[in-house]
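Participant: Sequence:
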Amino acid sequence: MRRSHRLPAALTLLALASVGLASSGAGAAEVESIVFINGRPTHVYFNDGDSFRQLDGPWTGRGSRLGGFNTLESFGPTHAWGNWHPYELYINAKQATLNGRRGIWHCSTEGETDTYGRVLLDCPDLAIDQISKGLAHPMQIDDTPTRPTYIRALREAIRHRRGMWAHGVPGFVLTSLHSADEDPTRDVHYNRMVSTRDGHSEPWMHTDRYPECSWQCATEIQADETRVYAFARSLRADRETAPVVADYGNQLLIELVDRYARLGELPEYTPEEMATALEPRLQAARESGLLGETEEVLGACMLYTAFTRRYGRERAPCLMGHGSRPPQLPYRPQPRVTPPGGLRGAAPLLPGQRGLL
1081 MRRSHRLPAA LTLLALASVG LASSGAGAAE VESIVFINGR PTHVYFNDGD SFRQLDGPWT
1141 GRGSRLGGFN TLESFGPTHA WGNWHPYELY INAKQATLNG RRGIWHCSTE GETDTYGRVL
1201 LDCPDLAIDQ ISKGLAHPMQ IDDTPTRPTY IRALREAIRH RRGMWAHGVP GFVLTSLHSA
1261 DEDPTRDVHY NRMVSTRDGH SEPWMHTDRY PECSWQCATE IQADETRVYA FARSLRADRE
1321 TAPVVADYGN QLLIELVDRY ARLGELPEYT PEEMATALEP RLQAARESGL LGETEEVLGA
1381 CMLYTAFTRR YGRERAPCLM GHGSRPPQLP YRPQPRVTPP GGLRGAAPLL PGQRGLL
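Numbering (the working numbering), first residue to last: 1081 to 1437.
Worth double-checking, as some hints may not be accurate.
Stated by the list, open to error - In silico SDA-like links for lysine to any residue, alpha-carbon gap of 25 Å or less:
| # | residue 1 | residue 2 |
| --- | --- | --- |
| 1 | K1213 | N1163 |
| 2 | K1213 | S1188 |
| 3 | K1213 | A1246 |
| 4 | K1213 | L1178 |
| 5 | K1213 | H1240 |
| 6 | K1213 | T1255 |
Hints in this document: simulated from the structure, not taken from any laboratory. Just so we're clear, the structure is a prediction, and the values are computed from it rather than from any experiment.
Please construct the entire structure, taking both the sequences and the accompanying hints into account.
Facilitator: Structure (structure tokens):
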């Protein structure tokens, strides 16, 4: 049966409730929340689920970005993957904002700022709450994996199909798009892809100019997860490599083998001694087919609009209303196949082996 993408009345009501004060006109009251920042109770206003503006204290009036996790964009129906309608994921982003506003959280900061001048904060209790409810995903801005506690929360949310994972789990969430005409001085531009296995970022490098309101969909390179798991187990069991990987958590070892199977490279954070010991074996396994074949699949999609066209009177027309599914993204009713051992590395590699997770 073909799924209808007409939004039910209940979802429309939820949308109105979720947008609430955030979309009210000028002069609307701001909902204040309490966040303990470096132990000091501080009034804040959540712009969305992973950022707020501080209303008092040493950083009064400053925007603040909460590190280690990411909620979906809330300026319009801009995300799509699996069988989701973009407007449904837009509502997920609004729910993340409400979830942030309704709690009392604890953050710390050393006063550092990001490229937008926002104060960077670390808020583990908020991050875990948002991630475990499927209202956010872990995110590192580099190649490194996120905290084990965040990965546990992510795996639990995926296992129970909570929030954004209810209708599909891409290998990567597309979190930003950059058209080539945004900065003509650069030869190559990038889009950020964030792993749903461990939260690390991988760049999608390109030289393309994106038309306004165009859907851009990532192409994922997927490895044979059964072969990846099997080879990771073999590294645990082999007399020569077992001592090298003994202190390496299961999640990190799976990611290491998967990365090499997909891209022929090791994660940047791999210790030199481990890289020296494992890379020849991985190279031989990849060349011989022991790691299996890779497959290109359609991943997550995102709607492109320039930053200056996301808010206010100059807002792009595609950000208004419910939007529509990307034409590249067909509706597929079959469920996502779970690899042996559980969802995305959820099971231990060998009974009794110590793992990071």
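Participant: Now, for every hint given, state plainly whether the structure supports it.
Facilitator: Results for each hint:
Annotation: proposed proximity of K1213 to N1163 holds, straight-line Cα distance about 19 Å (limit 25 Å). Straight-line distance between C-alpha atoms of K1213 and S1188 comes to about 22 Å, which keeps the hinted pair within the 25 Å bound. Restraint check for K1213 and A1246: satisfied, since their Cα atoms lie roughly 11 Å apart, inside the 25 Å limit. For the hint linking K1213 to L1178, the alpha-carbon distance of about 13 Å falls within 25 Å, and the restraint holds.
For the hint pairing K1213 with H1240, the CA-to-CA distance comes to about 10 Å; that is within 25 Å, so the pair holds. With a C-alpha separation of about 19 Å, the suggested pair K1213 and T1255 falls inside the 25 Å cut-off, and the hint holds.
Checked against the numbered hints above, the structure violates none of them.
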